[in-house]
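Participant: Below, each chain spelled out in residue letters.
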Amino acid sequence: MPLGDFFNQVATLPISLVLGESLNLFSALDVIHIVGVLLLAGSIAVVDLRLLGVIFSDIGLDAIQRQLLPLTIAGALLVFPSGIGLFLPQAGKIWLNPLLQAKVALLLLAGLNVGYWHYNYSRHAEWSSAAALPWQARLAGASSLVLWAATIIAGRLIAFYI
Amino acid sequence: MSLTTHPAAIEWLAKSTLAHQFNQADPWTFATFMTIHLLGLALAFGTSLILDLRLLGWGLRASSPAQIARNLQPYLLAGLGIALLSGAWLFIADVLKFWANPVFRTKLVLLIALSLIQV
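Residue numbers (the numbering used here), protein chains in the order written: chain P, 229 to 390; chain U, 6 to 124.
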């Protein structure tokens with residue numbers, strides 16, 4: 229089945245129709261999505277700045293990561309379901325939007341970056357308490373900041389590409 | 006029939022050349038300011054939340070509230086400054102549209118309150 233037909237069918241699912249026809253539900257998803265972005269990106273940025281050695285160099289990376297993770301998870305629980313909810317009713321058209329495509333690609337890269345960092349981190353126990361981190365950690369922090377900022381930029385611009 | 010009246014300052018701002026220039030800006034200029042606004046918001050909100058939660062005894066307990074404040078203050082203020090400046094641009098570009106919206110005025114009051122708290 230061609231991709232276009234698939235997304236057209238997604239847009240006619242019962243849940244897509246309910247979301248698309250309800251003005252208040254759709255606006256609510258919009259607000260939830262933004263609050264989730266603030267939580268997710270804000271908490272990730274603090275960990276990234278620690279990886280770069282800019283802030284909290286006196287606190288171990290393990291403590292920072294462990295204690296900020298609940299915020300990141302809360303943000304993700306808000307942002308992903310609401311994002312899917314915003315996508316569903318518009319699926320038939322919006323999948324062709326190049327900025328949405330860029331956002332999905334950036335999200336995948338950001339996810340790969342998280343995975344690669346944790347794989348790397350798990351093999352270096354000495355990093356968890358070091359004040360200054362090696363270049364691998366600083367690269368992970370810098371690329372995470374850039375990728376998440378780019379994801380937000382692409383996401384915000386989706387609405388301007390008509 | 007009575008016309009809606011606005012405070013003189015709002016009328017003056019809405020009719021200013023600056024407001025006219027901003028309003029005539031390219032759509033991508035609007036998009037850029039909205040994007041910058043969102044990035045500033047994420048930075049200010051994320052960093053202030055970590056401090057607020059710590060004051061409640063949650064989150065980053067490995068650090069004291071004073072230490073968190075010292076570390077995150079520059080980013081919080083940078084984010085707030087970016088959000089306020091880009092927000093001012095967006096407001097000036099469409100003064101009457103925003104002023105007519107009651108939710109916007111609520112936002113303005115809350116914004117002034119929280120900006121004063123930061124000082």
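To be clear, the hints were calculated from the coordinates, so they are not data collected in a lab. These figures come from a predicted structure and were not determined experimentally. Every residue gets a Cβ at the ideal spot worked out from N, C-alpha and C, and that includes glycine. Possibly wrong hints are sitting among the right ones.
What the hints assert, rightly or not - Distance ranges between label pairs, derived from CB positions:
| id | chain 1 | residue 1 | chain 2 | residue 2 | range |
| --- | --- | --- | --- | --- | --- |
| 1 | U | Val114 | P | Asp290 | 37 to 47 Å |
| 2 | P | Ile312 | U | Asp99 | 24 to 34 Å |
| 3 | U | Pro12 | P | Thr240 | 46 to 56 Å |
| 4 | U | Asp57 | P | Glu249 | 29 to 39 Å |
| 5 | P | Gly232 | U | Val108 | 30 to 40 Å |
| 6 | U | Ile122 | P | Val259 | 20 to 30 Å |
| 7 | U | Ala105 | P | Ala360 | 22 to 32 Å |
| 8 | P | Ser357 | U | Ser69 | 40 to 50 Å |
| 9 | P | Val259 | U | Gln78 | 40 to 50 Å |
| 10 | U | Ser69 | P | Tyr347 | 45 to 55 Å |
| 11 | U | His11 | P | His346 | 32 to 42 Å |
Participant: Name the hints, by number, that the structure is in violation of.
Facilitator: Failing hints, ascending: 7, 8, 9, 10, 11.
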